[in-house]
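Participant: Sequence:
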Amino acid sequence: MASIAPLLSILLMAVLGIAKSPLVSTVARLGQEQKDDWPRIEHDHTVQACTVLTINGQAIETAGAIQAIFDDFEIQDDVWSTEFSQYAIIQIVGNDRAVLAKTHESLRLRGVKVVHSAILPSDSAPLPQGPYFLHHGHLHQAYRLYPDHAGAFIVSTVPDGNDGFRSLDAAAYGEQYPDALTVAVPSRLYYTKTDEKPFSGIRIAVKDIIDLKGLKTGASSRAFTALYPVKKETAETVQHLLNLGFVIVGKSKSTQFADSEWPTCDYVDYHGPFNPRGDGYLTPSGSSSGSASAVATYPWLDFALGTDTLGSIRSPAAAQGIFSMRPTTGATSSNGLVPYSPKWDTIGGFSRTAAEYVTLAQALYGSNETYHKTFKNPTRLIYLTDYWPVKDETSQKLFDAFINKVEDFLGVTRTSFSLADLWNESRPADIDESIDQYLNHAFEWSANRDQWLGLLKPFLQDYTAKMGKPPVLNPQRLESYRKWFYEKVMPPSEDGYSSSIMILPWTTGEPAYRDTYKSGPQKFTGEGFFFYNVGPYAQSPELIIPGESESHFESLLSGDLLVQVGTTPYVSKFTGSVEQLPAAAGFIAAKGSDIMLADFVNKLFDYIGHDVKPTTSIIGQSSDEL
6 MASIAPLLSI LLMAVLGIAK SPLVSTVARL GQEQKDDWPR IEHDHTVQAC TVLTINGQAI
66 ETAGAIQAIF DDFEIQDDVW STEFSQYAII QIVGNDRAVL AKTHESLRLR GVKVVHSAIL
126 PSDSAPLPQG PYFLHHGHLH QAYRLYPDHA GAFIVSTVPD GNDGFRSLDA AAYGEQYPDA
186 LTVAVPSRLY YTKTDEKPFS GIRIAVKDII DLKGLKTGAS SRAFTALYPV KKETAETVQH
246 LLNLGFVIVG KSKSTQFADS EWPTCDYVDY HGPFNPRGDG YLTPSGSSSG SASAVATYPW
306 LDFALGTDTL GSIRSPAAAQ GIFSMRPTTG ATSSNGLVPY SPKWDTIGGF SRTAAEYVTL
366 AQALYGSNET YHKTFKNPTR LIYLTDYWPV KDETSQKLFD AFINKVEDFL GVTRTSFSLA
426 DLWNESRPAD IDESIDQYLN HAFEWSANRD QWLGLLKPFL QDYTAKMGKP PVLNPQRLES
486 YRKWFYEKVM PPSEDGYSSS IMILPWTTGE PAYRDTYKSG PQKFTGEGFF FYNVGPYAQS
546 PELIIPGESE SHFESLLSGD LLVQVGTTPY VSKFTGSVEQ LPAAAGFIAA KGSDIMLADF
606 VNKLFDYIGH DVKPTTSIIG QSSDEL
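The opening position of the sequence shown corresponds to residue 6 in our numbering, with each subsequent residue numbered one higher.
What the hints contain is simulated information worked out from the structure, not anything from laboratory work.
Hints are supplied without guarantee of correctness; some may be wrong.
Taking lysine to aspartate or glutamate and the EDC-like style, the derived pairs with C-alpha atoms no more than 20 Å apart in a straight line are [what the hints assert, rightly or not]:
(1) Lys236 <-> Asp184
(2) Lys221 <-> Glu201
(3) Lys402 <-> Glu412
(4) Lys237 <-> Asp184
(5) Lys493 <-> Glu438
(6) Lys221 <-> Asp200
(7) Lys198 <-> Asp274
(8) Lys523 <-> Glu241
(9) Lys107 <-> Asp174
(10) Lys493 <-> Glu449
(11) Lys523 <-> Glu238
(12) Lys378 <-> Asp165
(13) Lys488 <-> Glu412
(14) Lys237 <-> Asp165
(15) Lys493 <-> Glu398
(16) Lys221 <-> Glu180
(17) Lys396 <-> Glu484
(18) Lys348 <-> Glu484
(19) Lys202 <-> Glu484
(20) Lys198 <-> Glu374
(21) Lys198 <-> Asp184
(22) Lys523 <-> Asp271
(23) Lys378 <-> Glu499
(24) Lys198 <-> Glu66
(25) Lys202 <-> Asp168
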């Protein structure tokens, strides 16, 4: 196959009706796609939208058959539309005149105005079928351009033709979305899943602390972006996804250096993304909030990657009503990340459905052995009374109903106990502190380098010099906790299977708004021991399960099937109306059982209900309409 030369210019086809939306929409021609062995197509227009069709030795016999192909294109793809069907190019290997003539006739009867043929040499691979632009005799891929009206992206990306990326320097929506980036997505018709690329064509966004070749990694810092050059390599985990066929469409916003920041008072260099749930002014939460916002808002995006050090994936997913998982510590490579702490950083992703999350989990953490592996269900459901019940009665009713469904599905009754009491009863003999006291500084002393340089390093030196031995600090404390956890709380996994799972609440029923002002920025991240420490301190995976985007509380009370966890009503201080707040919970399983946990949640949601839809954005425009 001949090489595909990049075309640096971008031709915007604006307000031409080449889109699925009645809005001012745009399709772009990006990159020269025509191969050297492709014949030049002569035509009378500077730019022509067209459809490429392939025939393999057998004619397309009728206009109805042509229409069926076009109907299938429109169902599969958000780039192709009927405006591409006025001009067709038939590509065929060999020169079977009868087949070409019959297919031409069928296209004419269907109403296609212009038909060209491209006769390819026998050793040539055809172009993928689908929408293209014909420009000065050459074909170019068509990209659908979407507005990032949620402010989820920091840069929109397109391939640079050299296994890397470049930014899409185009604004297509003018005064309608004056501050919105434009995100380009290629036609889904260009991609075919194969054994080598089982996830071909799946669209994904990447958090902007993860390297992409050809682009800068900005970590949401203008100074950091200005100082360092473009990256020469793509992060190892992302390259793995690219090798499997994923298509990257942009980099999503992060808090600065993935630290703890509250939107929007702590966001100085860039504005925080919007959470589409509720009244549209709820906090997006957490450093992976841009990735979560993109998945929660845009149906044209399949997945987004984030990172979780101490809640940065789980918290945005809970706040924005989507699925996510912090994986087992070390489940993926962290090469190519702006580090918070390599001992704690993990890469995970976001999806709108449980089934889709299994797909992402297999790509990120799976292997040939796990792709078709069947896992039996857990046999024990742990319910920690330290965190249950939540204070809001409406939320707790939703949670209770959901947990009842989980018990029904598993055929077990929850095992209730206090983690703190169990620690006091069974902690190591040389420890006399409560679990809260013992682990109060475990994360911050382990992860915060400034504390190490300014406090712990001289402290260790002074203590050792005076006492003749080093002090027992948190790496040992964390190891003590992990050993105790897998002896007393849940058994370790065996061959990727966890016999126990734990459920924790991730929402309280109280809205948290994006315009909240604090007395000052947070000094330290991770002080104390809370529900979101339980899993990471054990290095175990935790998968967030969201509530539906509409209220199911009334139907729940009337005895109808609960859909996911549900939502709780609140009166918005912005709209004055009753809005719906997602309820979310997290399932924890033993270290190393990531695929099994995703598989369990998928089977659970097959049993109890539906999945999450993208919802209305803050600007009042349904993302389904774009």
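Participant: For each hint, tell me whether it holds in the structure or not.
Facilitator: For each hint, the structure was consulted:
no.: 1; hint: Lys236 <-> Asp184; verdict: violated, 27 Å
no.: 2; hint: Lys221 <-> Glu201; verdict: violated, 29 Å
no.: 3; hint: Lys402 <-> Glu412; verdict: holds, 15 Å
no.: 4; hint: Lys237 <-> Asp184; verdict: violated, 30 Å
no.: 5; hint: Lys493 <-> Glu438; verdict: holds, 17 Å
no.: 6; hint: Lys221 <-> Asp200; verdict: violated, 32 Å
no.: 7; hint: Lys198 <-> Asp274; verdict: violated, 40 Å
no.: 8; hint: Lys523 <-> Glu241; verdict: violated, 38 Å
no.: 9; hint: Lys107 <-> Asp174; verdict: violated, 43 Å
no.: 10; hint: Lys493 <-> Glu449; verdict: violated, 25 Å
no.: 11; hint: Lys523 <-> Glu238; verdict: violated, 39 Å
no.: 12; hint: Lys378 <-> Asp165; verdict: violated, 37 Å
no.: 13; hint: Lys488 <-> Glu412; verdict: violated, 28 Å
no.: 14; hint: Lys237 <-> Asp165; verdict: holds, 13 Å
no.: 15; hint: Lys493 <-> Glu398; verdict: violated, 31 Å
no.: 16; hint: Lys221 <-> Glu180; verdict: violated, 28 Å
no.: 17; hint: Lys396 <-> Glu484; verdict: violated, 32 Å
no.: 18; hint: Lys348 <-> Glu484; verdict: holds, 13 Å
no.: 19; hint: Lys202 <-> Glu484; verdict: violated, 39 Å
no.: 20; hint: Lys198 <-> Glu374; verdict: holds, 19 Å
no.: 21; hint: Lys198 <-> Asp184; verdict: violated, 36 Å
no.: 22; hint: Lys523 <-> Asp271; verdict: holds, 9 Å
no.: 23; hint: Lys378 <-> Glu499; verdict: holds, 14 Å
no.: 24; hint: Lys198 <-> Glu66; verdict: violated, 27 Å
no.: 25; hint: Lys202 <-> Asp168; verdict: holds, 16 Å
Hint violations for this structure: numbers 1, 2, 4, 6, 7, 8, 9, 10, 11, 12, 13, 15, 16, 17, 19, 21, 24, all remaining hints satisfied.
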